[in-house]
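K.L.:
If you want the building blocks of each chain, they are given just below.
There are 2 protein chains.
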Amino acid sequence: MSIEAVVPFKPVNPKSRLSTVLSKAERELFAEAMLTDVVMALKEAGCNPFILSTVPLHCSYARVCVSTEELNPALNNLIASSSGPLLILMADLPLVTPGVVRRIISSSCDMALGPGRGGGTNAIFIKDRARFHVDYYGASFLKHQQIADQAGLSCEIVDSFRLHTDVDEREDLVELMIHGRGKAVDFLKSCGFSLSIEKGRVGISRSIEE
Amino acid sequence: MSIEAVVPFKPVNPKSRLSTVLSKAERELFAEAMLTDVVMALKEAGCNPFILSTVPLHCSYARVCVSTEELNPALNNLIASSSGPLLILMADLPLVTPGVVRRIISSSCDMALGPGRGGGTNAIFIKDRARFHVDYYGASFLKHQQIADQAGLSCEIVDSFRLHTDVDEREDLVELMIHGRGKAVDFLKSCGFSLSIEKGRVGISRSIEE
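Protein sequences appear in the order of chains D and U.
When the first sequence is numbered by the working numbering, its final residue is 210 and no position is left out of the sequence of numbers.
When the second sequence is numbered by the working numbering, its final residue is 210 and no position is left out of the sequence of numbers.
Hints are supplied without guarantee of correctness; some may be wrong.
The list treats identical chains as one, so a pair stands whether inside a single copy or across any two.
[Unchecked claim] Dumping the calculated PhoX-like pairs for lysine-lysine here, alpha-carbon to alpha-carbon at most 20 angstroms:
hint, residue 1, residue 2
1, 143, 199
2, 15, 199
3, 15, 183
These are computed hints drawn from the structure, not numbers from a lab.
Only chain D is shown next, with the shape it has when bound in the complex:
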């Protein structure tokens, strides 16, 4: 049986830290492109994904549930409402591949955590969801480790830069331009972005003729 996977998603005014390089409309399209990459990776890895959106959303390739609650209560209600394994994967991980998803869900531990850059948590896989609850924001990776410890759950830390790299800031776009293969990098290229090298450092630039 395929593993249920939830991808929380905020369609309206997403990725505000990218507003120096992308307009609001572009950020919304970019966030959707990243979501598509994540959901497709989940499907290819054999998961049964659905999107937990803050507003109604048309999506042709996955179920959508709407919750107006904040992230933590929305996910904890979801955890409490059913049983069995659950994978929670963030929507801003366009480098994630089916292989990374398979590494997460094939963990031999009671659960697996995918740390995100800056102390966040990009993936949580729980074999028995009744024994866990989420606590996002701040150094959530450390909080989730502690929740696992307190529940006596063995926990694998998935060591993947593809999972670690959430795209929030301009410099994260460099990672996507170098390692991306899906809709999100295609969108960036269609906007005129390319890699640039200044004083030995790799950055991104955007062509004017758009």
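Add chain U to chain D, keeping to what the hints say.
P.N.:
Here is chain U on its own, set in the frame of chain D:
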């Protein structure tokens, strides 16, 4: 037979981008602590490491070779001077564990690359060193992929955030404080660094009484 591993190292005025949070003397000690973590991970993984240093260096736990050449000619001379497998691992990777090293050197491909954040290359493993040369700086990861392609070498991309996270800037210290277990994080703590959370973002702060 254990695999030869070289760790290039610049002991004098290293990690200049950390000069806003660490003095020159502290940066030198910090760079040495990171080097120790890397060399210890190599030894525990069964490699035979040596340090390729820009100046003479006293080191009790590994051989030291001195080369005053730039990084690329120094490494390419080393590659040309001998045969057999070689692992090149950067010195500023204090999150690298023996498990990560074993993942690199157990690649089934002709060679393996460990991408670094921002287009760099943090690890190069070559089974037959005669067929490869290095070209660091800029988007070296892409250059090294191209060199492998042109030489007809199959190349594994090692997907590890521990290998991807080179410590260059203040925000990289957050990763070390969260995921580090060795001498480098101990050094930071001894300097009074701790994690801090401001407006939901995780950063580092340094206590005044040092």
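K.L.:
Run every hint past the structure and note whether it holds.
P.N.:
Here's how the hints hold up against the structure:
no.: 1; hint: 143 <-> 199; result: between (39 angstroms within a copy, 17 angstroms between copies)
no.: 2; hint: 15 <-> 199; result: between (28 angstroms within a copy, 16 angstroms between copies)
no.: 3; hint: 15 <-> 183; result: within (17 angstroms within a copy, 36 angstroms between copies)
Hint compliance for this structure: every hint is met.
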